[in-house]
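Participant: In order, the protein sequence lines correspond to chains A and B. Take any residue in the first sequence, note its place counting from 1, add 9, and you have its number in the working numbering. Take any residue in the second sequence, note its place counting from 1, add 9, and you have its number in the working numbering.
No lab work stands behind these hints: they were computed from the structure. Remember, predicted model here, so these are calculated numbers, not experimental data. Treat the hints with care, as some may be off.
[Stated by the list, open to error] Below, in silico cross-link-like pairs of lysine-lysine (BS3-like), each with a Cα-Cα straight-line distance of 27 Å or less:
hint, chain 1, residue 1, chain 2, residue 2
1, B, Lys164, B, Lys200
2, A, Lys121, B, Lys28
3, A, Lys26, B, Lys18
4, A, Lys106, A, Lys141
5, B, Lys18, A, Lys106
6, A, Lys18, B, Lys41
7, A, Lys121, A, Lys157
8, A, Lys125, B, Lys106
9, A, Lys125, B, Lys235
10, B, Lys121, A, Lys235
11, A, Lys106, B, Lys215
12, A, Lys133, A, Lys157
13, A, Lys215, B, Lys141
14, A, Lys164, B, Lys106
15, B, Lys235, B, Lys157
16, B, Lys121, A, Lys121
17, B, Lys18, A, Lys38
18, A, Lys216, B, Lys106
19, A, Lys106, B, Lys32
20, A, Lys32, B, Lys106
21, B, Lys133, A, Lys37
22, A, Lys30, A, Lys41
23, B, Lys133, B, Lys121
24, A, Lys18, B, Lys215
25, B, Lys38, B, Lys28
26, A, Lys28, B, Lys18
27, B, Lys28, A, Lys18
28, B, Lys121, A, Lys106
29, B, Lys41, B, Lys28
30, B, Lys38, A, Lys38
There are 2 protein chains.
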Amino acid sequence: MLVPNKNPKVYDQVIEKIKDKIKYGEIKKGDKLPTEREMAESLEVSRASVREAIRALEVIGLIESRHGAGNYIRTNFNNSLLEPLSIMFMLQESSPKEMYDLRETLELQCSKLAAKNIDDSELKLLTELLDKMYVASSEEESVELDIKFHQLIAKASRNVLLINVLNVISQLVDEFIRNARMQIFHEGNTKESLLWIHENLLRNLKKRDESLAHNAMQEHFDLIRKSYGYEN
Amino acid sequence: MLVPNKNPKVYDQVIEKIKDKIKYGEIKKGDKLPTEREMAESLEVSRASVREAIRALEVIGLIESRHGAGNYIRTNFNNSLLEPLSIMFMLQESSPKEMYDLRETLELQCSKLAAKNIDDSELKLLTELLDKMYVASSEEESVELDIKFHQLIAKASRNVLLINVLNVISQLVDEFIRNARMQIFHEGNTKESLLWIHENLLRNLKKRDESLAHNAMQEHFDLIRKSYGYEN
Numbered sequence: 010m011l012v013p014n015k016n017p018k019v020y021d022q023v024i025e026k027i028k029d030k031i032k033y034g035e036i037k038k039g040d041k042l043p044t045e046r047e048m049a050e051s052l053e054v055s056r057a058s059v060r061e062a063i064r065a066l067e068v069i070g071l072i073e074s075r076h077g078a079g080n081y082i083r084t085n086f087n088n089s090l091l092e093p094l095s096i097m098f099m100l101q102e103s104s105p106k107e108m109y110d111l112r113e114t115l116e117l118q119c120s121k122l123a124a125k126n127i128d129d130s131e132l133k134l135l136t137e138l139l140d141k142m143y144v145a146s147s148e149e150e151s152v153e154l155d156i157k158f159h160q161l162i163a164k165a166s167r168n169v170l171l172i173n174v175l176n177v178i179s180q181l182v183d184e185f186i187r188n189a190r191m192q193i194f195h196e197g198n199t200k201e202s203l204l205w206i207h208e209n210l211l212r213n214l215k216k217r218d219e220s221l222a223h224n225a226m227q228e229h230f231d232l233i234r235k236s237y238g239y240e241n
Numbered sequence: 010m011l012v013p014n015k016n017p018k019v020y021d022q023v024i025e026k027i028k029d030k031i032k033y034g035e036i037k038k039g040d041k042l043p044t045e046r047e048m049a050e051s052l053e054v055s056r057a058s059v060r061e062a063i064r065a066l067e068v069i070g071l072i073e074s075r076h077g078a079g080n081y082i083r084t085n086f087n088n089s090l091l092e093p094l095s096i097m098f099m100l101q102e103s104s105p106k107e108m109y110d111l112r113e114t115l116e117l118q119c120s121k122l123a124a125k126n127i128d129d130s131e132l133k134l135l136t137e138l139l140d141k142m143y144v145a146s147s148e149e150e151s152v153e154l155d156i157k158f159h160q161l162i163a164k165a166s167r168n169v170l171l172i173n174v175l176n177v178i179s180q181l182v183d184e185f186i187r188n189a190r191m192q193i194f195h196e197g198n199t200k201e202s203l204l205w206i207h208e209n210l211l212r213n214l215k216k217r218d219e220s221l222a223h224n225a226m227q228e229h230f231d232l233i234r235k236s237y238g239y240e241n
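Isolated chain A (complex conformation) (with noise of 0.2 Å):
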């Protein structure tokens, strides 16, 4: 049986040694963890605050447990903040027009950066992905198609934290909005106005201007919007 905690917040001291840790480099992503003895030892708490702690921060994505393996710190933080968000997004009773804007909003700027700090291999994987649209057999295949030249373009804007909640945001919509993506390919002719859009698109990222690109993918969710319903 777990013994009580005296101070509920032992775990919370657990969580800010493991940043301090952190912030002085002493534990950088993919390493593995003490053991939760040692850890319960060298910090002098009970195991059960330091389990607390490691889940805490498993359920917020940055720590990976491996069954028998042990403890590790993620390398990759795609879903890290999609939980707490998903919940706060149900309680607050947003709507999914907040979270399309949003998604909006960093898109745009994403494309801005983009124009400016994309580089050649990257141009020509988003000329060989639109290839690939024209030619997509099915809507999974279309949509798969076009997540991954959104994705592209986000990685392209170099900024991490802009790339992790602009991807955050965009599995929300995902996880909300049933087959967000999906449904805009239902609409008479909009595959064929999609396919323009990203080429649209692609043209102006090749000539790296930030404002052409901006109004490209401003035309792209136009578009979208038109096709949700979420006029202005």
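Once you've looked at the hints, dock chain B against the given chain A.
Facilitator: Below, chain B alone, put in the same frame as chain A:
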């Protein structure tokens, strides 16, 4: 002593159950959760697993554990994402400029939405804050008024998700850029420029002109960017 979980993901199932109750409206903001014992019994899991789940939701900032009074769903989520984001930020060795750029993106969007959605009482409050800024007797007071001014514009955007994300990014800036907001007051003439810029922002919000409000906020950030040496 803690009884080890056979299944290391039991606490995750508990979180899922809580999420479901939130999703279907059975649990709302401010609600008290059943006791840990009750939850353990009804979900047929150990109390340790319930406790781990509760702790994780507490770290995320969704649950508040009141000493001796039980666990409550929070009513505001102002700090909810700060902990995970701040750890991610350190692990990824993101630059302060990255978070600064993200804050700018979000504030620009707020200024546009605020121009559309702000009401008369909020405009009145902004005017009062600006009046106080003119006569502020200390840097601390100026900083505090500045924060309130921006928070009120964010609130007027009416996008709760945008407000949440901006709030956490702003806190991240304040946490990692020491004296971020103080710093700019040390630049020559900047206080006057800042007052003028807030004045201009308010004027354009009063006109309810999205584009002018956006440009005024952009001028604001251009000035700060210059003070920080974060030139484009």
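Participant: Taken at face value, is the distance from the CA of B:Lys41 to the CA of A:Lys18 at most 27 Å?
Facilitator: Distance of about 19 Å is within 27 Å: holds.
Participant: Checking one constraint from the list: CA of B:Lys18 to CA of A:Lys106, max 27 Å. Satisfied?
Facilitator: Answer violated: B:Lys18 to A:Lys106 is near 33 Å, above 27 Å.
Participant: Does A:Lys216 pair with B:Lys106 here, judged by a C-alpha cut-off of 27 Å?
Facilitator: holds (25 Å)
Participant: For the pair supplied as a hint, B:Lys121 and A:Lys106, is the alpha-carbon distance within the 27 Å limit?
Facilitator: Status holds; Cα separation ~16 Å.
Participant: Take a quick look at whether B:Lys41 and B:Lys28 sit within 27 Å of each other, Cα to Cα.
Facilitator: Between B:Lys41 and B:Lys28 the Cα gap is close to 14 Å, so the pair holds against 27 Å.
Participant: Sort out whether A:Lys38 lies within 27 Å of B:Lys18, counting only the CA atoms.
Facilitator: Within the cut-off at roughly 23 Å; holds.
Participant: Hey, A:Lys106 versus B:Lys215, does the alpha-carbon distance stay inside 27 Å?
Facilitator: holds (25 Å)
Participant: Is the hinted pair B:Lys235 and B:Lys157 satisfied, with a Cα-Cα distance of at most 27 Å?
Facilitator: holds (22 Å)
Participant: Given the hint that B:Lys38 pairs with B:Lys28, does the C-alpha gap stay at or below 27 Å?
Facilitator: holds (12 Å)
Participant: Is the Cα-Cα distance between A:Lys32 and B:Lys106 27 Å or less?
Facilitator: This hinted pair holds, its Cα atoms lying about 18 Å apart.
Participant: Hint check: A:Lys133 vs A:Lys157, CA-CA at most 27 Å. Holds or violated?
Facilitator: holds (13 Å)
Participant: Below or equal to 27 Å on CA atoms is what counts here, so check B:Lys164 against B:Lys200.
Facilitator: Satisfied, since the Cα-Cα distance of roughly 25 Å is no more than 27 Å.
When the structure is compared with the earlier hints, violations turn up for hints 2, 4, 5, 13, 21, 24, 30 and for no others.
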